[in-house]
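**Student:** Chain by chain, the residues run as shown.
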Amino acid sequence: MSGVLARRDRALTPEETEELLRDRLGDGVRNSLQEFGIFTVWIAQDSWSEAARRCRDEPLLAYDMFDHLTAVDAREHGFDVLVVLYSTSTGNRIVLRTRCEGGREAPTCPSITETYRGANWMEREAYDMFGIDFPGHPSLEPRLLTVENFEGYPLRKDFHLTSRAAKPWPGVAEPKELDEEGNVIEKEARIGDAPGPYELDKAMAEQAKLANPLPEPETVEGEIAEELAEDAQVAPDSGEVLAGTGEQAAETLEKQATEQAAADADAETQGSAQAARAKAEQRRQEQVAARARKAAERADPGSGGAAADGIDQETFDRLIAEGKSERIARSKAKAAYIKRQRAEQRAAEGEDDGGEQDA
Amino acid sequence: MGLMDQVELPQPVKYVFNWGRKYSLWCFNFGLACCAIEFIAASTSRHDFIRHGVIPFAHGPRQADLLVVSGTLTDKMAPAVKRLYEEMPEPKYVISFGSCANCGGPYWDSYSVTKGVDQIIPVDVYVPGCPPRPEALLDGIIALQDRIQHESLKDRIAGRRLDPVTLGADAPLALEGR
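These protein sequences, in sequence, are chains A and B.
If you're matching positions, the first sequence starts at 1 in my numbering and goes up one per residue.
If you're matching positions, the second sequence starts at 1 in my numbering and goes up one per residue.
Check each hint, because a few of them may be wrong.
Unchecked claim - No farther apart than 20 Å at their CA atoms in a straight line, the calculated lysine to aspartate or glutamate pairs in the EDC-like style are these:
{"no.": "1", "chain 1": "B", "residue 1": "115", "chain 2": "A", "residue 2": "80"}
{"no.": "2", "chain 1": "B", "residue 1": "154", "chain 2": "B", "residue 2": "5"}
{"no.": "3", "chain 1": "B", "residue 1": "76", "chain 2": "A", "residue 2": "193"}
{"no.": "4", "chain 1": "B", "residue 1": "76", "chain 2": "A", "residue 2": "73"}
{"no.": "5", "chain 1": "A", "residue 1": "157", "chain 2": "A", "residue 2": "179"}
Unchecked claim - Selected chain A positions facing chain B (in silico; Cβ < 8 Å):
{"no.": "6", "residue": "145"}
{"no.": "7", "residue": "146"}
{"no.": "8", "residue": "147"}
{"no.": "9", "residue": "154"}
{"no.": "10", "residue": "164"}
{"no.": "11", "residue": "315"}
What the hints contain is simulated information worked out from the structure, not anything from laboratory work.
The structure displayed is predicted, hence computed values, not measured ones.
Glycine included, C-beta positions come from ideal geometry on N, C-alpha and C.
Sequences are here, hints too, so could you generate the full structure?
**Tutor:** In structure tokens:
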């Protein structure tokens, strides 16, 4: 490049650029348009190399940086080749665009590798992908991006993907999804619907579900909660109201359990691990024994205490003995009690289909 | 290999021998796409597969025991993978890491992507995912080590390979009847 570089403050406007190019190339400039802040000049095929050279060498234009070259499938009109140039001195960017000769069968476009050496591989890429021949290019073969024996030009609109011939593309356009009959599926994605495969993901999804009240619980605890809800409806018939002593007892037991946990934690943080652990273990056993005793006491005084309390005493005792927490044992025992009660009701009421659904 | 390919080693010797082999897997990473990043994550301190005896970044295929193909394999790249695999000395193992390496993944209908690395080289363990997490690679490595521990080197050298393991699809190792 010769002469003084253009200066940023004297950069030509797109109109001036077009005028200058028209002056130099005559009819070579077909058209120009500005869209989305991009200035495009359509160049006649014959003037293509000349236009690139002028853009680089005119001191007022000084498009010294080759940005990229690519092609566009213009369907029945054939193919367009366009090149994007940038001027480091003026900061201008220009797109030169030309329509290839030869239609769809044998598109050709003069090479601009003489002017911009960086266009070499870009033209090879256009050759690979669109099958455009660039006379004047040093060597379009061997093929740059596709394998040697590749058939067809993959970026042409009429290129067929062989895999899709065997199996149609299974996707649907978003955001409208269609079912088998072609109706638009209306569905609202909810938080926690699609947990990941890992435990942590599932735990996080569970938390998200809890925070979001809409989804229905599907866990075992959820079932227990449902059973308890039904229990609340049944309770008034069964004599003692659930809101009375039952809940109070549950509250004290819960408090007791948390105190125990805190004590355990204290014991474990006190260093001297073994002694603390042994102590904690002992305390735990004591607690279990105490719990069992209390449960027995509670069960004894009222006649039919278990029935009044609405829990299945056998299950409760068993779970407590297994070292389960008071709350879990209680809720499970309650569920067992309700199941048993229902089975009894059914046995009493329905003779024909009584044994259909037993626990 | 001399004796190894003709004689089945006695069980105690075989055990020790395989034990040694499975904890010194020099790994040759063929990173081709985003899965390679997960591979790198698995090799660094957080997941650290070196503690499983997998030594990343072997100097070259001739010093490697394990080839991890992580990423999208294109038809253009396939000959290179095949050649590097053939440069590796026997016994050699291949982990196909990620959906693209397994079957083409999201590029199943592409004009340029090889639909699975198993079309050109035999694979021992498939790790599914897009991309799989580093933990999945650790799982795959452990599955491979389990296989090495129980295999007969004589069979391996003779080219008799066990069927590949697909993580998640095959039964867990503990349930595999042996």
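**Student:** With reference to the structure, classify each hint as holding or not holding.
**Tutor:** Against the structure, the hints:
no., hint, in the structure
1, B:115 - A:80, "32 Å, violated"
2, B:154 - B:5, "5 Å, holds"
3, B:76 - A:193, "40 Å, violated"
4, B:76 - A:73, "24 Å, violated"
5, A:157 - A:179, "28 Å, violated"
6, 145, "7 Å, holds"
7, 146, "7 Å, holds"
8, 147, "5 Å, holds"
9, 154, "4 Å, holds"
10, 164, "5 Å, holds"
11, 315, "33 Å, violated"
Comparing the model with each earlier hint shows violations of hints 1, 3, 4, 5 and 11; every other hint is respected.
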